[in-house]
Structure formats: structure tokens, C-alpha cells
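*Asks:* Each chain is listed here by its residues.
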Amino acid sequence: MIRVQNLVKRFGTFTAVDNVSFEVAEGEIFAFLGPNGAGKTTTIKMLTTLLRPTGGSIELDGLNPEVKQNEARRRFGIVFQDPSLDGELTAWENMEIHGVLYHVPHKARRQRMEALLKQVELWDRRNDQVKKFSGGMKRRLEIARGFLHTPKILFLDEPTLGLDPQSRNQLWTHVKAVNEADKVTVFLTTHYMDEADRVAHRIGVIDHGKLVTVGTPAEIKQQTNTESLEAAFLALTGSTIRDESAGSADQMRQFAKMWSGGKR
Amino acid sequence: MSAIYILWLREMKRYLRSRVQVVASLGQPILYLVVLGFGLGPVFQRAGNGSYLQFVAPGVIGMTVLFSSIFSGLGLLWDRQFGFLKETLVAPVPRLQIMIGRTLGGATVAVLQGLLVTVVCVIAGFRPANLATVPLALGFMLLIAMVFAGLGVAVGSSLQDMQGFQLIMNFLVMPLFFLSGALFPLDGLPRVLAAATMVDPLSYGVDGMRAVLLGRAHYGAMIDFEVLAIIAVVFIVFGAYRFSKIEI
Numbered sequence: 001m002i003r004v005q006n007l008v009k010r011f012g013t014f015t016a017v018d019n020v021s022f023e024v025a026e027g028e029i030f031a032f033l034g035p036n037g038a039g040k041t042t043t044i045k046m047l048t049t050l051l052r053p054t055g056g057s058i059e060l061d062g063l064n065p066e067v068k069q070n071e072a073r074r075r076f077g078i079v080f081q082d083p084s085l086d087g088e089l090t091a092w093e094n095m096e097i098h099g100v101l102y103h104v105p106h107k108a109r110r111q112r113m114e115a116l117l118k119q120v121e122l123w124d125r126r127n128d129q130v131k132k133f134s135g136g137m138k139r140r141l142e143i144a145r146g147f148l149h150t151p152k153i154l155f156l157d158e159p160t161l162g163l164d165p166q167s168r169n170q171l172w173t174h175v176k177a178v179n180e181a182d183k184v185t186v187f188l189t190t191h192y193m194d195e196a197d198r199v200a201h202r203i204g205v206i207d208h209g210k211l212v213t214v215g216t217p218a219e220i221k222q223q224t225n226t227e228s229l230e231a232a233f234l235a236l237t238g239s240t241i242r243d244e245s246a247g248s249a250d251q252m253r254q255f256a257k258m259w260s261g262g263k264r
Numbered sequence: 265m266s267a268i269y270i271l272w273l274r275e276m277k278r279y280l281r282s283r284v285q286v287v288a289s290l291g292q293p294i295l296y297l298v299v300l301g302f303g304l305g306p307v308f309q310r311a312g313n314g315s316y317l318q319f320v321a322p323g324v325i326g327m328t329v330l331f332s333s334i335f336s337g338l339g340l341l342w343d344r345q346f347g348f349l350k351e352t353l354v355a356p357v358p359r360l361q362i363m364i365g366r367t368l369g370g371a372t373v374a375v376l377q378g379l380l381v382t383v384v385c386v387i388a389g390f391r392p393a394n395l396a397t398v399p400l401a402l403g404f405m406l407l408i409a410m411v412f413a414g415l416g417v418a419v420g421s422s423l424q425d426m427q428g429f430q431l432i433m434n435f436l437v438m439p440l441f442f443l444s445g446a447l448f449p450l451d452g453l454p455r456v457l458a459a460a461t462m463v464d465p466l467s468y469g470v471d472g473m474r475a476v477l478l479g480r481a482h483y484g485a486m487i488d489f490e491v492l493a494i495i496a497v498v499f500i501v502f503g504a505y506r507f508s509k510i511e512i
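Heads up: the protein sequence lines correspond to chains G and W, in order.
In terms of the working numbering, the first sequence has 152 at position 152, counting the first letter as 1, and numbering is strictly consecutive.
In terms of the working numbering, the second sequence has 293 at position 29, counting the first letter as 1, and numbering is strictly consecutive.
Please keep in mind that the hints were generated in silico from the structure rather than gathered at the bench.
Just so you know, these numbers come straight off a predicted model, no measurement behind them.
Ideal placement from N, C-alpha and C gives every residue a C-beta, glycine not left out.
There may be inaccurate statements among the hints.
Claimed, not checked - Going by beta-carbon spacing under 8 Å, a handful of chain W positions derived as facing chain G:
| id | residue |
| --- | --- |
| 1 | A267 |
| 2 | R281 |
| 3 | L353 |
| 4 | E511 |
In isolation and in its complexed conformation, chain G is listed as follows (with noise of 0.2 Å):
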């Protein structure tokens, strides 16, 4: 379902994705891990197009991406490290915007909306702003929203990111069950290696850029000869701390706070 070979993405000197090459089969769940920095954002904006590789091929369903690009982008769903919704809008209209913007025809997105956002427990707040939602809350939003145009591939970015133990629990299960039923096939990072080790039939550990392995967690760490994944992922990718740059993002977060009081 997904085909990497050789995948290189360089910003000026710096190479940050080195020479990549794995498959994803149909309805696999793939967790691709690594150190902050190592490239795992960067992969998955190229699965995604919206970065451009340097050099290497992607193949989204059999399609490459840079060529049909709305085709491939109709194939899969996303669901990104920070929110992505508009919070001024509400559940209800950004699901609505979604729908439009990937032609489901409107009978079917009124009922798919329904179902979804009943299935992750908005339907009651479908007509509230999402700025009033908690963090889980629009999480939940965001999943649902991906999901809305039957994608055959999910791209989950570190989903459970700043997610109290329930919500994590609840969108994992919720992950694997849409992953039985309808095949989908998801493609994950995460920092957290038990959530790894749970719902992931395949791990990719990518560090420096350069996939370092990949195989089922069992296999992971019977090659490292370790007891849990978190001692393999240490094994494999050292236990020096990264530090990573705040990027113009993250400066511009602070500054947005500062500007509108957190208004927004």
C-alpha cells in the first residue's frame, strides 16, 4: 500500500531524511519511531505531499504521488501532530468543510458525520466551537474527521501527544478496530513504545535521518536482545538527549499567545 525507495530530503546542507526504503502492506499497522529530529515528521510530509522529496520515489496505493497528486491525496487521511482545525468554527462545520473539500456527496457525508462523531462521543457538542473543546475532545474531532472520506491509508503523527491515559486508550482502540473492519491501513509515530508495542504489527526505527530497522516488535527485540521495545529503542538509537531547534512554528505559537491573549 505504501512503497518508499530511497527517499532523500535535504534543506540546504542538512539531510534529514537519508536514503529511506520500506513497504507497508495493505492494512497493516506500521509505527515508524525515532528520537526527536530523526526525520519522522519529514517522512511523513512527503508521504502526504506537502514537502517535496530531494531525490527517491513514493508509491500511495500504486500511484505516485507528484504526478497524481489529488488522486493519491483522496486515497489517504491524516491526522497531524497539532490540531488542524478552525477553532472558530463548529464539529459539525469542520467535518462539513472536510466532506466538501474531498467530494463526498451529501447524502452520505451527512450520515457518515452522524456515525463518526457519535463513535467518538461529539455528537452532542457537534454545534459548540471547537476553540471551547479540550485537547482530547478535538483530537477525537480530528480522527473522526479523517476518517470521513473512507481513506485506505491513515497517517497518524504522534496522535496521542499531550492525551491523558484515557483518550490514549480509547483512540488506539478505536484505531484498531476501523483497521479490522475496513482494512485500512495506518501509518503511525509515536514517542509512546508501549502504545508501539500494542497496536503495531511492524516497527520502522528511523534515527539521523537513516532507517536503522525494521520487523515486529518481537522481532525488534530478540535483535537487541532486550526485554521491552522502550530498552530496544535505547539499544538501538543511544540514550543521548536531541535537541531540537524551536522551529518558526513553535516561535510563532508563543507569539500568537502573547498577541491575542490566547484569545484564539
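Based on the hints, put chain W in the right spot on chain G.
*Replies:* For chain W alone, kept in the frame of chain G given last:
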């Protein structure tokens, strides 16, 4: 087409829900209108130019449309910040449609703001000279809105974050306003200032509004219309090009 409509509708909903901001945005025009209108009125009158309130009202309306439309384009930065931009950029819709939807939405909001300020002007004592040509003022408002919504998107697409915002405010938006002749007549200016006003698109917008509302113009309504229409096309094409190049 439905993508353009839904993104236009989004801008409308956001506008209609931000009542506090709507009221807040009226503060500056009212200040210019009342303080300058009445404060400079006697001097202006003595110089033989007639009522300053009459003169400045079309300028204040033009200013409102300028600010509102250019900020709607720069609103791109907010959407980048709050993530919604990504949602539209990964959607299976050509970027041109997304840009057009946003720009039309922003332009519509700017025209609505312009109409609101027009009402304020009338309340303050502004009286159009010829009621028959008043509807044409709406056309000029729309042209001003398209010009600067396009420019706003072009600038917004080129910036990574809000760092450059102050720069844009002081070196683009305010000069556009002050050099437009919104506050002073364009006749008999020093040569450098005259040249600067001639390259400011808003000059033609304000001049066009004065032509249809007051029957007095520096360039003439037809030239104003032609210049604005051409610049609107150029800026929107440029904005669409810059928007198509955004990488996150």
C-alpha cells in the same frame, strides 16, 4: 467549485461570529472621520476646498477596505499557525481553488466592512453628491478588496511566521494608506510625493470612490477603474502563484 464556495462560506461565518472584532475595527475609521473630519475641517474650508468631512469620507471607506482585505490575505499566517492551512493543503483540490475561495471570502468581508463604514460616514454627516452613482462605489470597493486580498495572500504565502508582520504593517500597509490621497488632495503635490501616490493602487481606489460619490476626481473614474482592474488581475495571479509554492 464547491471547494471555492465552502472556503468562502468559512470566511463569512468567521466574520459574522467575530462581533467584537467587527466593532473594534470600526474604531480607527471613526477616529479618522471624526477627529480629522471636524478637526481639519475649518482649515480645509478656508483654503477653499469645501467640506473636509465630505472629502475624507471616501478615503476612510477606502482605508477600511484596504486594511480588511490585506489582513484577510495575511490571515493565511494565522491558518498556518493554527494548523487549518495544512487541512486545506492536503485536500484533493487544486490549490488555485483554495486560494480563490479564501480571496473571494476575504474580499467579501472587506466590502461588508466598507459598507458598514459608509453607514457610519452618513451618520457623521457625509452626503453623496449624486445618489445615482452611489452603487458604483460598491464596484470600486470590490476592486480595492480584490487588489489587496490578492496582495495579502502573496505576502502571507511568502512569510514563514508573524515575525515580519510589523515590518509589513509599517512599510507596506501604512504607506499604502498614507500615500493614497485618502487624507489630502492629490493636486499640486511635490514631485516625489506625486510619483509615490501614482504607484499606490489605493490612490485609484480612493479617487474612483470620490468620482462616483462626490463627482470630483484627480485621475477620472474610467482610468481608476482600468488601473484597478489590471492590478487586481496581476496581484491575484501573483498571489495564486506564491500560494501554489507553499511548503509546510
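*Asks:* Against each hint, give a clear statement of whether it holds in the structure.
*Replies:* Checked hints:
1. A267: holds (6 Å)
2. R281: With a closest approach of 6 Å, the R281 of chain W hint holds.
3. L353: Given a least distance of 6 Å, the restraint on L353 of chain W holds.
4. E511: This interface hint holds because 6 Å falls under the 8 Å limit.
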